[in-house]
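Chemist: Single-letter residue listing:
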Amino acid sequence: MTNLQFDTVIHAPNRLQICALLAPLQEAEFQVLRDELEVSDSVLSKHLKQLEEAGYVNFRKGAVNGRQRVWAGLTASGRRAFASHVRELQRLAGLINNEL
Amino acid sequence: MTDRNRKSHEAQDALDSIESMNRAGFRRAVPPRWYGIGLSLIIAIGFALYALEDPGNTPALFIVLGMVLFIGASRERIGAFGRDLPETKTGMWAFVGVCVFLLALFFGGIIVRRAYDIAWVPLLTGFVAGTTVFLLSESERRYYLMRAGNGPH
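Chains P and S, in that order, are what the protein sequence lines are.
Counting from 1, one number per residue, gives the positions in the first sequence under the working numbering.
Counting from 1001, one number per residue, gives the positions in the second sequence under the working numbering.
Please keep in mind that the hints were generated in silico from the structure rather than gathered at the bench.
Any given hint could turn out to be false.
Stated by the list, open to error - Chain S residues, not near chain P, derived (Cβ > 12 Å throughout):
no., residue
1, G1038
2, V1064
3, F1134
4, R1141
Unchecked claim - Coverage of chain P stretches by chain S, computed from C-beta distances (three or more under 8 Å per stretch; other residues unrestricted):
no., region
5, 4 to 16
6, 23 to 32
7, 77 to 90
Heads up, the beta-carbon is just placed ideally off N, CA and C, and yes, glycines get one too.
Starting from the given sequences, assemble the full structure and let the hints guide the process.
Modeler: What follows is the structure in structure tokens.
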């Protein structure tokens, strides 16, 4: 049976968007996340840190053209939590049967 | 509006936001055409060199190293890339099938060249491998474009 779990960490609008953006990806650069979410560096960093503390996101650092860059990707538990949260949203929206 | 309807609307708004960001993710992950062309050329040359020369040949090893560096550098430049492995069972089996095919092609080319000393076999091996990789890359591009809502180009 598929888990349905409303996740308050994920549900905050910016963090929900971060997870949705990362879901089809292996990793994305910090700048990509910032540009797509249209938020400042500090706001994005704050939300990524909260997701990291929940164990949903991990980071990798790399150098591009001599400049340090940070890459973020969903962890396995992050993907499971996000998928479960989406299923719960679908149930709340009446898109799937309430009884599973 | 009842509480239930309000929650339903809020949930739908969240799902719409997820869909929009999901598409953005796929859009960002679309590999540029030069990536597929570059990768297929490197693999074609690598396959041909391995079949032409004995395994462990230094130039062929440089090709393998070049492929790893090319993939790594391309990913860093593109800024986002799709999942390394397929997520569905069908996709995984297709991936395994392609790997088996390429391995068979790789060793088959070496064996045939050594056994029959046919000069054009390594070139054919490289051509088939490179074409396979290019077609797979183009297929991936179309898939990501479709999921991004842009349709294949």
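Chemist: For each hint, tell me whether it holds in the structure or not.
Modeler: Status of the hints after comparison with the structure:
1. G1038: Answer for G1038(S): holds, closest chain P Cβ roughly 18 Å.
2. V1064: At about 21 Å from chain P, V1064(S) clears the 12 Å cut-off, so the statement holds.
3. F1134: holds (21 Å)
4. R1141: At about 14 Å from chain P, R1141(S) clears the 12 Å cut-off, so the statement holds.
5. 4 to 16: holds (count 3)
6. 23 to 32: holds (count 9)
7. 77 to 90: holds (count 3)
When the structure is compared with the earlier hints, no violation turns up for any of them.
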